[in-house]
Each structure stands twice: as structure tokens, then as C-alpha cells.
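Student: Chains as they are written, first to last, in our numbering: chain S, 3 to 131; chain Z, 3 to 131; chain R, 3 to 131.
Since the hints were made in silico from the structure, they are not lab data.
Even for Gly, the Cβ is constructed at its ideal location relative to N, Cα and C.
There's no promise every hint is true.
[Claimed, not checked] Some, not all, of what chain Z presents toward chain S, calculated at C-beta under 10 Å:
#1 Arg27
#2 Cys37
#3 Ala53
#4 Leu68
#5 Phe69
#6 Arg78
#7 Ala83
#8 His86
#9 Gly93
#10 Pro94
#11 Lys96
#12 Val130
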Amino acid sequence: MEFTVRTRRKRELVDITDRVQQAVRAQEVSEGLCCVYVPHATAAVVVNENADPQVCEDLLDALEKLFPDGVWRHDRVDGNASAHLKASVVGPSKVIPVVGGRLALGRWQAVMLAEFDGPRERRVVVVVR
Amino acid sequence: MEFTVRTRRKRELVDITDRVQQAVRAQEVSEGLCCVYVPHATAAVVVNENADPQVCEDLLDALEKLFPDGVWRHDRVDGNASAHLKASVVGPSKVIPVVGGRLALGRWQAVMLAEFDGPRERRVVVVVR
Amino acid sequence: MEFTVRTRRKRELVDITDRVQQAVRAQEVSEGLCCVYVPHATAAVVVNENADPQVCEDLLDALEKLFPDGVWRHDRVDGNASAHLKASVVGPSKVIPVVGGRLALGRWQAVMLAEFDGPRERRVVVVVR
């Protein structure tokens, strides 16, 4: 199961909860593990709050402070080292239990694609076992 | 499989290794993958040393320096942005192999619930596949 | 499935993509989830770019700035708190989908063992489900 997301900005969090939930339903597994994976080295998957979308902006700001643009070796090669560092630390996948055929997300948890070097078309792979 | 943990402080790491190990045994899977998941946006799961509990205090201090309290947009809404940022980066789940019916933890690895906005009652979901 | 890696430096990223790919093939699972796990509290698993190995050096530098050596409580016990903090945040495992019998890695993604307190002999556990 795979879908694509077209990101619109250099850095953004895109809520993909509904599309992941659909992918889970399509796989008809009642109890198991769902892995949400991005096959990219400058994007990541985040599970956190999106009810107040400012949490997402805060996260992008915080990561920018920790991994600023333009001061790394790889910036002389490709100009996007900051994005690689953020993606390495946040990670390309999150694993979420499936209970009763649905993601066992808490009330304040959303699944988000983290774009660190957009805008681009990104792939999201969802596997349930 | 699910259990609850009552945390006692605003920020703490609670060792849940034994309870996760019990949950694994109860599921009677000899070889597989164990996902330890918290359905919360201000808590996380950490796998690291607890033989010297100061490692846990160091981690809480380090995260506090990287994501300080009170300087984020979401703080005007809810006052707990720092906890969301820590939870986003550390992550709501860890996946640990099960070998011979037990978690394949190394000698110095413990499984810990990371509370970033307590005290609260937290749920821990353990799924083995 | 398990293999060992002998690290050569105090801090380094060792590309283990081929060995993980071999382990996946050996398990003859066509579609599933692959967990790459290190049973150590001062090492971790990273998925990111190694085509330009400077990305790896940048990551080691960035983590060193965030979690410097010698300023933590655990340093009085063991001298390697920085390594524990890096390992806690990066995490001991990464989960990667298996599609068509192979890791669903993107073009710029490699699987790397992150050594934070070497040189040592490290174990890598690979489980596919």
C-alpha cells in the first residue's frame, strides 16, 4: 500500500492520518502493527498533535534551531544538510498498533509527513502485519 | 494488551521493562516483533540504561535544554509545547525483537515510559507479531 | 538473524545496508516488516544518505553539539553519558517495509549502525515479519 503527497513548502507537516487509516482498513487486519514509512532521506514521519496546528510549526522551528541551515559539510555538495539531519533524528518510519481494525492513536495524536526539503512529491508506504 | 502507569512528577522516566516482558510472555509468540506504544502526545517510549538511573535524569535535562518550556506558540494555548516537542522527537513507540519468547534487550537496555507533562495516568499498548 | 559489526572509532556510522538486505533475503518473506535492532545502550540505528558520506559526519557533529561529552551526572560513573543520550534519542531500532522480498529503501537511504562509544564489537538483530 502506497500513496503520494505533494508538499507545498520547504518545511511543513502534512496530516496524513485519514489516508493511513484508509490504508489500514483496506488491508483488513484486525489486530497487528502498522508501519508508516517514507522512502526519502529529507522527510520523516511524526506522530503528535495537530488539533492545534501551532504544535507543528513549533516543531519545525525547534528542529531548525537544533539543525540550522548552511553550516554543514554536505551543504557544499547539496545545500540540504539540515534536512538530512532532521530526517535522521526524527526517523523515516513510525509503528502504530492496529486494534479492532483501526490505528490505536490517542485522542491528540495525528500521523504527519514531515517535509524538510520541499516542495516535492513524496511517497508514503503503509504496511500492516 | 494494555496496561496503565500512574506517573508522579512533571517529567520522569518510569521503568516498564518487567510489565512489557510479562505482556510479551502472555502473547506466547516465540519469534517476532514487539511494539511498545503510548497513545499520548506528551509522553514517549525510551529504550536505554536504567542500571544507573542518573542516565534517565541526564536525558530529561538534555531534552529540557533542547526544548525549553514557555517559548513556543502552543504555550499560549496549552502551556505544554515543550512536552509535545520532546514526545515528537523521541517518538510514541519503540519496536524490539522477540527471540525465544523474550524481548531481545541488551544487558544495559531497559524500556521506559517517558513522561513529559505529568503527573498523569498513562496507557501503554504492547502488541507482538 | 543476527550479525556483528566491529567498529573502529569512538564515533562513526557504519553502512550495514547490504548485510541487512542479505538477512531479509534469507528469511524469504515477500511482504512484511523488517526491524533492525541493536541490543546496546550506546549505539543506535540510522536510516539516511551515505552516497555523500559527509552526511554521516555532519550527523555525528550535530549530535555532539546537542549532547556534548563530560557535562552529565552519568559521566562521573561511566564517562559515556553523551553516548547514552544520543542512543536514546536516535533509538535502538528502525522498522523498514519489505516489498517484493527487498527492503523498500528509497534511492538515497542507507541503513547504518551508529556507534557512539567505540571502538567495540556490536550486535545487529534483524527480524522480518
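Student: Now look at each hint and say whether the structure bears it out.
Tutor: Tested hints:
With a cut of 10 Å, the hint placing Arg27 of chain Z at the interface with chain S is violated, because the nearest CB-to-CB distance is about 18 Å. A hinted interface residue such as Cys37 of chain Z counts as satisfied when its beta carbon comes closer than 10 Å to some beta carbon of chain S; here the least separation is about 5 Å, so the hint holds. Because the closest C-beta pair between Ala53 of chain Z and chain S is about 25 Å apart, greater than 10 Å, the hint is violated. The interface hint given for Leu68 of chain Z holds, since its Cβ lies 6 Å from the closest Cβ of chain S, which is under the 10 Å cut-off.
For Phe69 of chain Z, the interface hint holds, the least distance from its beta-carbon to any beta-carbon of chain S being 6 Å, beneath 10 Å. This hint holds: Arg78 of chain Z has a C-beta 8 Å from the nearest C-beta of chain S, less than the 10 Å allowed. Taking 10 Å as the C-beta cut-off, the interface hint given for Ala83 of chain Z holds, the closest approach to chain S being about 5 Å. About 5 Å separates the beta-carbon of His86 of chain Z from the nearest beta-carbon of chain S, less than 10 Å, and the hint is met.
Because the closest C-beta pair between Gly93 of chain Z and chain S is about 7 Å apart, less than 10 Å, the hint holds. Proximity of Pro94 of chain Z to chain S holds as hinted, the smallest CB-CB distance being about 5 Å (cut-off 10 Å). Among the interface hints, the one on Lys96 of chain Z holds; its C-beta lies about 9 Å from the nearest C-beta in chain S, closer than the 10 Å criterion. Residue-level restraint check for Val130 of chain Z holds (minimum Cβ-Cβ distance to chain S is 9 Å; threshold 10 Å).
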